[in-house]
Amino acid sequence: MTARADGEPATGGALRADVGVVRGGFDLEVRADVRAGEILAVLGPNGAGKSTLLRALAGLLPVSRGRVTVGDQTWDDADRGTFVPAVDRRVGLVFQDYRLFPHLTVLDNVAFSRHVRGGRRPDARAHAREVLERLGIEELSARGPGQLSGGQAQRVALARALASDPRLLLLDEPLAALDARTRLEIRTELRGYLATFGGPTLVVTHDPLEAMVLADRILVLEGGRAVQEGVPAAVARRPATEYVARLVGLNLYRGAMTDRSTGRVDLDDGGRLFAAGHDPDDGGGHVVPLPATRMLVAVAPTAISLYTHSPDAGSARNVWTGTVAGLELLTDRVRVAVDGTPDAIVDITPAALADLELRTGQQVWLTAKATEVTAYPAPG
Amino acid sequence: MTDDGDRQAPPGRSPSSVRAVTDAGRRTPWPLGVPAAVAVAFLLLPLAGMFVLAPWRDLPRILAESQAVEALRLSLVTASVTTVISVVVGVPLAWVLARSRGRAIRLLRALVTLPLVLPPVVGGVALLLAYGRNGIAGRWLYDWTGYQIPFTTAAVVVAQTFVAMPFLVVTVEGALRSADAGLEEAAATLGARPVTTFRRVTLPLVAPSLAAGAVLCWARALGEFGATITFAGNLPGVTQAMPSAVYRAFETDPPAAVALSLVLLTVSVAVLVLLRDRWLRPGAGL
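These protein sequences, in sequence, are chains A and B. Each residue of the first sequence is one higher than the one before, counting from 1 in our numbering. Each residue of the second sequence is one higher than the one before, counting from 1001 in our numbering.
Isolated chain A (complex conformation) (with noise of 0.2 Å):
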């Protein structure tokens, strides 16, 4: 293979698209660039765009602005005109319900790529016993799509996808239509799998677990826009918007930095905190946020505590008054819905609930120590 002009090795393989993909009254704008050998997980809710943006890259809709390239291919280029379809793409697509083909056996739906690629049958079926293999399912080989369990058929879906050797990988949702039992034994297995294939993946879902375990980096879609990108660690801590928070579990408020040396923050929704919480990301804090900076602040809900009288004056900087609104019982604790200036989510054990008594409309206090708030700049 040749060398691009701009030096950029051909077998290095990334992908890299800049699309913008107008459908029906909505539209999606989005940058991804996945490497060789990187999982990109697009984490979004319903409707963000994630599926749009997959059957842009896959091929099966047109992009109607940007480019799409991968390696030394160009896929897609709409100044250009340049549109590669799906079927000459080479792309591993592992739909959401995995679109095995009813009528071939599982090694057939394995070999379908390379049979119909022009390769001989024998062959092909050679190939996918192999890829079989490989996910250690080679003993499914003989049955019908209809007698596999739904890991199973993930599974196959994978292989047919990894047999067609592709130079992109896509799975949507590739979790979704399984039961929470077959989920959590599947997630780990995935991520295995997946490092098998040298290629960029981009992996589309809505639930945050998948994507922290499956991915090296996460892109948040919301409304068709990127509105957060980075490592999982750096999107679990630092979440850019209200969906990001809820998914992750934190309290996220909007407010500007009004005292740098405090650490105050006014809150656009009323109420203040102060936040002397320290990201390890931040590397020592390169970022200083100036004053008035637009900030965004992060609490977790296990750093709040809840009190049904008026703490004694202590560590806590931060003390704030509120009604109960609802409570919600997770598995191993309580979460607590607290109108106040500001609202927050807290959780407690079931113990102290016991203990605490509450009732929705119940007035409360709570505290949180400065140094389990952070605080960071607000992106955009």
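Bear in mind the hints are in silico, worked out from the structure with no lab data behind them. Even for Gly, the Cβ is constructed at its ideal location relative to N, Cα and C. Be aware that one or more of the hints could be misleading.
Stretch-level coverage of chain A by chain B, calculated; a stretch enters the list once three of its residues show a Cβ under 8 Å from a Cβ in chain B [claimed, not checked]:
#1 76-88
#2 110-121
Pulled from the structure, derived: some chain B residues nowhere near chain A, Cβ distances all over 12 Å [said to hold, decoys possible]:
#3 T1113
#4 V1121
#5 R1133
#6 G1146
#7 G1233
Using the hints provided, position chain B relative to the given structure of chain A.
Below, chain B without anything else, positioned relative to chain A:
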């Protein structure tokens, strides 16, 4: 909610009493049962009449003497040729109708399925006007080749195809329409071009419907009378298929007509057996 509540067992009642209530609910009420019985009698009496009054003893002689064997052979051959032609051009047509959108396609679908509801004899007249010696297409054919279709064995096939092919088209189109287009998309991402996808994915998926459509088409071709007698005539050995033979026999030798009818009835029953899984299963559609 109410529905579910009604069906559930009230607390404290034994399951057996619930079973009894359910069975009572399934008993046919007489305002429906009586007309249904009338309908059954109406449909079955003619068949019974045929069995009762058939000249069973003379059957072998009648069949041997009449042109039954010749007519049956012609019928089987032409109906089979018709089915092959219908599959070859009808399946692609069904694919186009199922996969295309737009007003023009809807109109096209209505037009190509018109023979389903058109009186066959009208079809025969229309065929004469199109492919007859003075027809809009037949004229050119005659001028160029000296060949004319009407009143040949080929005309029998043409008439049967005109009437029977729409049965195959609508059956296959329905199957293609409900076949998962997502699988075709999956095939495309795996590198299969449209023709390959059609051959390796779509066609196998609709194979049961294609078989049913072909049998239906064949059966309809076998029974075709109106268009055939108008467009192809009734020449023994050339254009006289079974239905025409029955018609001719009925004018001259009624017992022979009954004997020939029994042969056709046997074929029909065979078709029904072939399609039993498809039609005799409650709730199954085309």
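To see whether the hints hold, each was checked on the structure:
no.	hint	verdict
1	76-88	holds (count 4)
2	110-121	holds (count 4)
3	T1113	holds, 28 Å
4	V1121	holds, 42 Å
5	R1133	holds, 48 Å
6	G1146	holds, 47 Å
7	G1233	holds, 45 Å
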